[in-house]
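A.B. asks: Line by line, the protein sequences give chains A and B.
Each residue of the first sequence is one higher than the one before, starting from 54 at the first, in this note's numbering.
Each residue of the second sequence is one higher than the one before, starting from 93 at the first, in this note's numbering.
In short, the hints are calculated from the structure, not lab data.
Each residue gets a CB set at the ideal place from its N, CA and C atoms; glycine is no exception.
One or more of the hints may lead you astray.
[As the list claims (entries may be wrong)] Dumping the calculated SDA-like pairs for lysine to any residue here, alpha-carbon to alpha-carbon at most 25 Å:
| hint | chain 1 | residue 1 | chain 2 | residue 2 |
| --- | --- | --- | --- | --- |
| 1 | B | K647 | A | P103 |
| 2 | A | K72 | B | E360 |
| 3 | B | K242 | B | E218 |
[What the hints assert, rightly or not] Per the computed footprint, the stretches of chain B lying under chain A, defined by three or more beta-carbons under 8 Å from a beta-carbon of chain A, are:
| hint | stretch |
| --- | --- |
| 4 | 326-340 |
| 5 | 540-546 |
| 6 | 574-587 |
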Amino acid sequence: MAELKFFGYLADIVGARAKEMSLEKPVALREILPASFPETNITVLINQKPGHLDSLIRNEDRVVIMPILSGG
Amino acid sequence: MNGYAGKLLRVNLSNGKVSKEEISDSTKRDFLGGRGFAAKLLWDEVRNVDPLSEKNKIIFATGPLTGQSIPSSGKMVIASKSPLTGGYGDGNIGTMASVHLKKAGYDVVVVEGKSEKPCYLLIEDEKVKIVGASNLWGKNTFQAQDLLEKKHGKNSGILLTGPAGENLVGFSTVMSQKGRAGGRPGMGAVMGSKKLKAVVIKGTGRVENFDDNKLQEMGKKGYAEIKSKESYDFWMRQGTMQAFDWANENACLPTRNYREGVFEFSKEMDGYVVEKLHAGRKGCPLCNMQCGHIIKDSSNQDAELDYENVAMLGPNIGLGSLPKVATLNRMADEWGLDTISLGSCIGFLMEASERGFITEKIKWGDFEAAQKLTVEIAKGEGLGKLFSHGVKAASETIGKGSQKWAMQVKGLEISAYNCQACPGMALAFGTSPIGAHHKDAWIISWEIANDRFSYNKPKVEKLIEFQRIRGGFFESATVCRLPWVEVSFGLDRYPEYLEAITGEKKSWEDIYRLGDRIYNLIRAFWIREVPSFGRKWDYPPERWFEEPQSAGKMKGIKVDREKYEQMLSWYYELRGWDQNGIPSEKTLENSGLKGVSKEILGQVG
Numbered sequence: 054m055a056e057l058k059f060f061g062y063l064a065d066i067v068g069a070r071a072k073e074m075s076l077e078k079p080v081a082l083r084e085i086l087p088a089s090f091p092e093t094n095i096t097v098l099i100n101q102k103p104g105h106l107d108s109l110i111r112n113e114d115r116v117v118i119m120p121i122l123s124g125g
Numbered sequence: 093m094n095g096y097a098g099k100l101l102r103v104n105l106s107n108g109k110v111s112k113e114e115i116s117d118s119t120k121r122d123f124l125g126g127r128g129f130a131a132k133l134l135w136d137e138v139r140n141v142d143p144l145s146e147k148n149k150i151i152f153a154t155g156p157l158t159g160q161s162i163p164s165s166g167k168m169v170i171a172s173k174s175p176l177t178g179g180y181g182d183g184n185i186g187t188m189a190s191v192h193l194k195k196a197g198y199d200v201v202v203v204e205g206k207s208e209k210p211c212y213l214l215i216e217d218e219k220v221k222i223v224g225a226s227n228l229w230g231k232n233t234f235q236a237q238d239l240l241e242k243k244h245g246k247n248s249g250i251l252l253t254g255p256a257g258e259n260l261v262g263f264s265t266v267m268s269q270k271g272r273a274g275g276r277p278g279m280g281a282v283m284g285s286k287k288l289k290a291v292v293i294k295g296t297g298r299v300e301n302f303d304d305n306k307l308q309e310m311g312k313k314g315y316a317e318i319k320s321k322e323s324y325d326f327w328m329r330q331g332t333m334q335a336f337d338w339a340n341e342n343a344c345l346p347t348r349n350y351r352e353g354v355f356e357f358s359k360e361m362d363g364y365v366v367e368k369l370h371a372g373r374k375g376c377p378l379c380n381m382q383c384g385h386i387i388k389d390s391s392n393q394d395a396e397l398d399y400e401n402v403a404m405l406g407p408n409i410g411l412g413s414l415p416k417v418a419t420l421n422r423m424a425d426e427w428g429l430d431t432i433s434l435g436s437c438i439g440f441l442m443e444a445s446e447r448g449f450i451t452e453k454i455k456w457g458d459f460e461a462a463q464k465l466t467v468e469i470a471k472g473e474g475l476g477k478l479f480s481h482g483v484k485a486a487s488e489t490i491g492k493g494s495q496k497w498a499m500q501v502k503g504l505e506i507s508a509y510n511c512q513a514c515p516g517m518a519l520a521f522g523t524s525p526i527g528a529h530h531k532d533a534w535i536i537s538w539e540i541a542n543d544r545f546s547y548n549k550p551k552v553e554k555l556i557e558f559q560r561i562r563g564g565f566f567e568s569a570t571v572c573r574l575p576w577v578e579v580s581f582g583l584d585r586y587p588e589y590l591e592a593i594t595g596e597k598k599s600w601e602d603i604y605r606l607g608d609r610i611y612n613l614i615r616a617f618w619i620r621e622v623p624s625f626g627r628k629w630d631y632p633p634e635r636w637f638e639e640p641q642s643a644g645k646m647k648g649i650k651v652d653r654e655k656y657e658q659m660l661s662w663y664y665e666l667r668g669w670d671q672n673g674i675p676s677e678k679t680l681e682n683s684g685l686k687g688v689s690k691e692i693l694g695q696v697g
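Extracted from the complex, chain A is given alone in its bound form (with noise of 0.2 Å):
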């Protein structure tokens, strides 16, 4: 099962905090996405590590999306 946390607004955009998704191949993330997700000012970690939209999905792997945002 792929992993997936959202943060901030993006959970309400999706609709959840967190999802898991069983994946029969290989996908990219923007397409296991709402189509009306952000392309801007939001981070990709895909296992810890910077990705993108473009991004290809594995059935293990865990995936945080968050809005940039500042803190105070």
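Here the structure of chain A is known, so what remains is to put chain B in place on it, guided by the hints.
C.D. replies: Structure of chain B alone, referenced to chain A:
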């Protein structure tokens, strides 16, 4: 020049003299306002003085963007020679006082000397009075706010020091509107040392702008643009507390005095919990994305939360209850203590107790002990007295090697990001011009997005770019950076605002040069005022070099000392400073700071 009130108000509390001075156009062009004005004034007028003596000065400064009808412009900078660090100290605060000050006809107030008796400064347009404040002395900042509002009206701009400032605590802040705070490096103590309890400002005038119609139009569009952002709704629900979950996920949430970057009770106190406990919202004037989230604290009183204070008074002291954290936060606001430094001091003390370095037994998460310590620190009594000059001085008193886990740089406690696995952010704390604080270069999000483990020159270049924009422009303009950084409001709006306000066009290259000038002057101030100043003052605490995190996904990671040194060397090279962090004569002259080098030559080396 348009967009400024044009005058500096100078008040001497020793002799009661009040004077008003014109601010030259060249000062406005070269230093812009806010932090830029403060750095220039401190460099020119405060030389080798004891920060708590009558010879020190405290500066309240606005900029051309302050108080304008543009997003989040209700800000001002409060600066002085810091009693906590001995160097340059400042903080920005969102307050009605900033708006009123410009309306009253002043861009800057300089308070010098020392009153014999407690007093407050009352500014009502042209009328400026020093008023007795014996009835306010000893009152907490909420009580004093109420009394002054009752006397001068609810809409007055009020800046206050609390009992902690009266007792000269090194990390006492200036407070306003029961929850707005600014001036972490002891600006409250400088007010206290002058027996200045408050500044009350009521202004009725207006500042002439170059093209007011255009500005009004742009401002209206700006507010609408912010509201239309996709992240706006979430921001309004969680504010800066959205960073709590984020920091825990990225293993940079300061936990148990920065030993760890993850906290086992994070789900019980993150932004979603704030949403559930929401009891109201507070913020600064002229802002449509107010960041202060109110919840009922553990004693059922209103308390305003943000990420920094929750992280430092929660995980950093091992306390996993949001209402209890809110109580500590409210107490800090009432007493006039900086919440970041308070959390750092309490966390340090708990660790010292655990290690047997002090005889008192204070366990992680001990809420009763934390409340008692907060009061004792503010009063300078009991165990709290140890922290009157911050965690650095406390660790030097305790000794036994505890200095390596006193989490500070240049004497200022680190704000709420643990950096064993974020070397760029460690360098940002190391080179922040007031000591460890995040406002100048919050590079951590960029770093995590791009490659958190690398130590390369592009990272250092990015850090300097952030310092120029955030520490140089936003602090001097003087306007809140959060619309840009939190909801991606267009950065290019700001030079457009500046042009409509002043009539002068500034490119980003001009703005970067301005930021560098201010940074060079602040650096020169540190060199002149702190005899041992040099490269070692830009190091983060030893803990980050020596002790990797022991849990979570960054387990085993720590900052590589040699690689940090390399990044610091690149930083100096890019800034035109020598390898001891001293700006060269050429750098200073290129920054338009001719003559500054004469005062710092031979001071360090």
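A.B. asks: Now, for every hint given, state plainly whether the structure supports it.
C.D. replies: For each hint, the structure was consulted:
| no. | hint | verdict |
| --- | --- | --- |
| 1 | B:K647 with A:P103 | holds, 19 Å |
| 2 | A:K72 with B:E360 | holds, 21 Å |
| 3 | B:K242 with B:E218 | holds, 22 Å |
| 4 | 326-340 | holds (count 9) |
| 5 | 540-546 | holds (count 4) |
| 6 | 574-587 | holds (count 4) |
Of the numbered hints stated above, none is contradicted by the structure.
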